Each structure stands twice: as C-alpha cells, then as structure tokens.
Amino acid sequence: MGKIRGFSLKHRVTTLFRRVFRRRCRSAGYHLLDPPETCRSKRISTLISWTHNLRTKAKAILSNNRGAGTARSYLRVGQEPIQEKPVPVPKGHMAVYVGQKDGDFQRILVPVVYINHPLFGELLREAEEEYGFHHPGGITIPCRISEFERVQTRIKSGQCNRESMTSNRSYGRLMG
Amino acid sequence: MIKPCWKPLVEGDGSRRGGDGSRRWGDPNGRVDGLFWYKDLGPHVNGEFSMAVVQANNLLEDQSQLESGPLSSLSSGPYGTFVGVYDGHGGPETSRFVNENLFPNLKKFASEHQEISADVIKKAFLATEEEFLSLVRHQWLDKPQIASVGTCCLVGVITNGLLYIANAGDSRVVLGRVDKAVKGVTAIQLSTEHNANVESVRAELRLLHPDDPHIVVLKHKVWRVKGIIQVSRSIGDAYLKKSEFNKEPLLARFRISEPFHKPILSPEPSIFIHKLNPKDQFLIFASDGFWEHLSNQEAVDIVHSYPRQGIARRLVKTALRVAAKKREMRYSDLKKIDRGVRRHFHDDITVVVVFLDPSSMNRTPSRSSSISIRAGGGVPTSANS
Chain F
1 MGKIRGFSLK HRVTTLFRRV FRRRCRSAGY HLLDPPETCR SKRISTLISW
51 THNLRTKAKA ILSNNRGAGT ARSYLRVGQE PIQEKPVPVP KGHMAVYVGQ
101 KDGDFQRILV PVVYINHPLF GELLREAEEE YGFHHPGGIT IPCRISEFER
151 VQTRIKSGQC NRESMTSNRS YGRLMG
Chain L
1 MIKPCWKPLV EGDGSRRGGD GSRRWGDPNG RVDGLFWYKD LGPHVNGEFS
51 MAVVQANNLL EDQSQLESGP LSSLSSGPYG TFVGVYDGHG GPETSRFVNE
101 NLFPNLKKFA SEHQEISADV IKKAFLATEE EFLSLVRHQW LDKPQIASVG
151 TCCLVGVITN GLLYIANAGD SRVVLGRVDK AVKGVTAIQL STEHNANVES
201 VRAELRLLHP DDPHIVVLKH KVWRVKGIIQ VSRSIGDAYL KKSEFNKEPL
251 LARFRISEPF HKPILSPEPS IFIHKLNPKD QFLIFASDGF WEHLSNQEAV
301 DIVHSYPRQG IARRLVKTAL RVAAKKREMR YSDLKKIDRG VRRHFHDDIT
351 VVVVFLDPSS MNRTPSRSSS ISIRAGGGVP TSANS
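Protein chains in written order, with full-length UniProt numbering: chain F, 1 to 176; chain L, 1 to 385.
Hint data in this document are derived by calculation from the structure and do not stem from the laboratory.
Please read all numbers here as calculations on a predicted model, not as lab measurements.
Possibly wrong hints are sitting among the right ones.
[As the list claims (entries may be wrong)] Derived lysine-lysine pairs resembling DSBU-like cross-links, with alpha carbons at most 35 angstroms apart: (1) F:K156 to L:K317; (2) L:K326 to F:K91; (3) F:K91 to L:K335; (4) L:K325 to F:K91.
[As the list claims (entries may be wrong)] Computed footprint of chain F on chain L; a stretch qualifies when at least three of its residues, placed anywhere within it, have a C-beta under 8 angstroms from a C-beta of chain F: (5) 215-222; (6) 325-333; (7) 338-344.
[Unchecked claim] For each label pair, taking beta carbons as the anchor points, the in silico distance ranges come out as: (8) L:S332 to F:E128: 22 to 32 angstroms; (9) L:K262 to F:K91: 48 to 58 angstroms; (10) L:V222 to F:W50: 49 to 59 angstroms; (11) F:H134 to L:D179: 31 to 41 angstroms.
The beta carbon of each residue, even a glycine, is placed where N, CA and C say it ideally should be.
Next comes chain F alone, as it looks inside the complex (with noise of 0.2 angstroms):
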C-alpha cells in the first residue's frame, strides 16, 4: 500500500515537473509551429483541474468535518429565520426566542429547570395567548428582552429553595 502510494506519488511528481519543463522550453519559443494559444490554453487546462481537484478534495474534508459536528451538537440551529449565528443548545438548556411583534427575536438558551418556575409560566401563558401551542420551531416569548431578564434573575436567586419544592411537589402528585 505504502509503496504504491509512493511510487504513485513520486510518478505524478515527476510527469508535473517534466510538464512544467517542456512547456518552459517551449514557451522558450524555438517550437515556432506550436500555436502559442495551445501551449497557454493546455497549461491553463491543467491548472484547472489541478485546482479542482484540490477544491473537491478540500469539499470533502470540509463537508466530513460538518457532518461529524452535527451529529455531535444534536440541535442545528440553523433552520430559524431570525437566526444570526446558530450556538449549539449544550446539556440541560433550551433555546427560546425572546422579542416583539415587530422587533427582532433574541434567541436565549435558558436552563431547562427554570421552565417549570411559576414566574416562566406567566411568560409561557404570554406565549400562548400569542402564537398558541402549535407554534413551529422554537418557544416564542413576546416580551422585552429586558423584562425576559428580570425574570430570568429572578428565577436564578430563588432557585435553591424552589427547585427542592417543586420537585417533591411533583413527584407527591404523580406517584403518590
């Protein structure tokens, strides 16, 4: 394998640099029969595949090195219109857009627990007082972004007392 390769290589190497030499010397201009056009256009011709496969093999790569970070970011985030630059979610977030009608949407990524909090539920009943519960894509918020963060600190301060809270309160309801 190891020794093909080399030799396949050292082949090509040496067919492109006789190449080059012979074209030199005839661009040298003792060949007066050869059509200048011919040489030129052949050199060029070899220089565009020469440059096309190095832009396929490049593509392939590229494309190899895409695919494997999609499947490792789980989300692609680059279907939202109102995207600028996709982040992936990472563990135990979400993604919502935050905005108003006519303004822009922020996308936010918020930790999943804070969902559960009765403060993000009245932004939730907002929500679907507004686009209803078979909006497509993301959880749409339609609120300033600066109240979305007054809440979300207020979420953060209280967090340790009521994340034990809710989580008995839940699992009193379901299993008990």
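Assemble chain L onto chain F, guided by the hints.
Leaving out everything else, chain L in the frame of chain F:
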C-alpha cells in the same frame, strides 16, 4: 392532593397465566414511570398488543382502553377485540366518561342485535353522547363548565375476520400491511379525520351552516370551528351541541357569542369496515398528539423493524424526541419538564399497537381469556388537583 390518575383497571385472568406467559406479558396492570404509563406487551384474542401513554396536560385528557373477549353479554358471541382512544379537550371528564361507558353501551347493543355491525357501533356512540349530555344537564347548576368539555373518540373492533373503525374527531388508526413489491410494510390510514385543517371538513361545515360566515376561522395559523375548536365531531362539548348550554352560568369565556339553532359539532362517527387479510400485520391507534410528530409510514416502519415488546413505548419516545428537537432541546431535558408546562412542548400522547395473528382470527376464545385494560382511567379529580 390527588391520588394518581394512573390506575389502570385489569379484569379477567388472561394476562395472569403462569409460566412463560406471565414473563412475556409482564405486569398485568401496566407500569408508571414519571409521566409515562405503559403496558409493553399483552395478549388479546386476535394476537398481542402494546400500549403507552405520556401525559402533557396538568390532568391527563387522553384515555384509552383495550377489551378482548366477549363483545356482548351473550355466551354465543360475538367475540373479539375492542380498542378505544379518547382524546379529551377542555378537561378530562368526557374522555373518562367515554372510557367507562362506551364499551358497556356497545355490548348492550351487540346483545340486542346479536352481532357487531356499523349500526351497533353508531348506536353506542350516540347513546354515550346522550348519557353524557344528561350528566351535563344534571351537573349544570353546580358545575356548569362541564358543558365545555369534550372528547374525540376513535374505536376499532376486530371480530369475525372483520375490522370496524369508527371515528369522531382527529385521532387516527393506521394499518401496517406487508407489501412484497417494496419488501417492507406499507402504511394504510383507515380512519377519516374531522379536523378543520382538512379542506373537505371545512367544506362540509360551510355546507351545513351556509348562513354562518364564521363557522370556520383561521386562528394562530390553525383552522378552528367558530374560532374555538379544531375538531368538527366529538362527544361532549355540550355548549356547541345545544343552545341550552351556551348561556349562564357557563362562564362567558367558554361560550360563543351568537345563538345557534342547529348543533355546530356532531357526535356521529365515520365508520369504515375492512375485511382482514393475512397481509395485515398490525394496527397503530394513536391520538393526534402522536401523529403531529410522526408520519404514518415512519410509525409503521418502526413497528416493523423493532421487537413487539415495548413497541408502543418506543413509538411514544420517538415522538417525544421529535418534539424535543422542534423545541431546540434534548430528549433527556424534555423529561425534566413538569406536566402542564409540558403542553408547550407536546400534547398528551396515546399509542395502542394491535398485532393481528392470522391463526387466531377465526378461533372462538373462551370466556376466561377476557382482557380489560385502561390507561390512565378511573379516578375522578377536581380541576385544581
């Protein structure tokens, strides 16, 4: 605080046979795991079944049942398997009521007619509707909001080599049939859906209500009857059936503003009869919460490619994975979302997979092999539980 809504009722001893049987069928009552209820595999007189439910609403509105054995009170038959999927809306009361009463009504009419027929099934639907409306009338002063609760109703009956499908609403049943040409199993949808998003359903409604320009309204990019409800047929929804329930003390937000003279929704099922063929492998009954995430063929391919054991749970999980992806999160994180809040991610989902064993089709089963299982049934609860 309320006791769990998840208390499936199982009668009969069909699933309690000793030895290999009990190991294969597992827990006869099904199991609860968080918001999941499932019965991975069980027997019915025409083969095996698998059931799974996941709750999204604060109170589970989907109800379902499988009854197998005698389909009437007569010892002479008919025998077979009955499957019901009831997707409630506005609350769990109607779907629970139907889960309790539709099958007894079917048995009653089957005994009178000494057979199962489209007529018998239709009579069972209409009798159940009437009984529910009289319950609403009875509770009208104490609990008027029961007039705004309704349910979709999908029923399948397998008996005598025939399959009857009766549907009012937007649940769906799909048949998986072996297709040698494609070397796989093709999906054939057997139910007719009554959802205003279907062009022909809107046309039917406009034809029935020529004087009402607002009989169907586009809201949140979804067509709704009177701008309120997606389905055009249901059991319950008394306030859209009879004007006497579209007034106080029912709260104004549950009412429609204009008076009406003929019912807006109908309880009458679309009925389809199919002669079973050895190529017919299985049936997938599911509420619309499932079909909004998976296509008929995707569901059939999954049932065809994986073991029977736990296949309904696998289908529900696949739907939840799709739902999580749509909301830009992982399935493992979706599981952390509480019921009620879950409704923003997916609806209640019920899946019943019924495998059809050709050798058992014409066998007359004995009375002792009767099966009765209900998912998420039976416990009356108040709205604030």
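Hints and how they fare:
1. For the suggested pair K156 (chain F) and K317 (chain L), the alpha carbons sit about 31 angstroms apart, so the restraint of at most 35 angstroms is met.
2. The suggested pairing of K326 (chain L) with K91 (chain F) holds, with an alpha-carbon distance near 16 angstroms, which does not exceed 35 angstroms.
3. For the hint linking K91 (chain F) to K335 (chain L), the alpha-carbon distance of about 13 angstroms falls within 35 angstroms, and the restraint holds.
4. Pair hint K325 (chain L) plus K91 (chain F) holds up; C-alpha atoms about 13 angstroms apart against a cutoff of 35 angstroms.
5. Coverage of the region 215-222 of chain L by chain F holds [criterion: at least 3 residues with CB-CB distance below 8 angstroms; count 4].
6. Three residues within the 8 angstroms Cβ limit are the bar, and the region 325-333 of chain L against chain F gives 8, so the coverage statement holds.
7. Only residues whose beta carbon comes within less than 8 angstroms of a beta carbon in chain F count, and the region 338-344 of chain L has 5; three or more means the coverage holds.
8. Taking the beta carbon of each, S332 (chain L) and E128 (chain F) are about 25 angstroms apart, inside 22 to 32 angstroms as hinted.
9. Between K262 (chain L) and K91 (chain F) the Cβ separation comes to about 55 angstroms, which falls inside the hinted range of 48 to 58 angstroms.
10. Hint check: V222 (chain L) to W50 (chain F), Cβ distance near 57 angstroms, so the stated range 49 to 59 angstroms holds.
11. Against the hinted window of 31 to 41 angstroms, the Cβ-Cβ separation of H134 (chain F) and D179 (chain L) comes to about 33 angstroms, which satisfies the hint.
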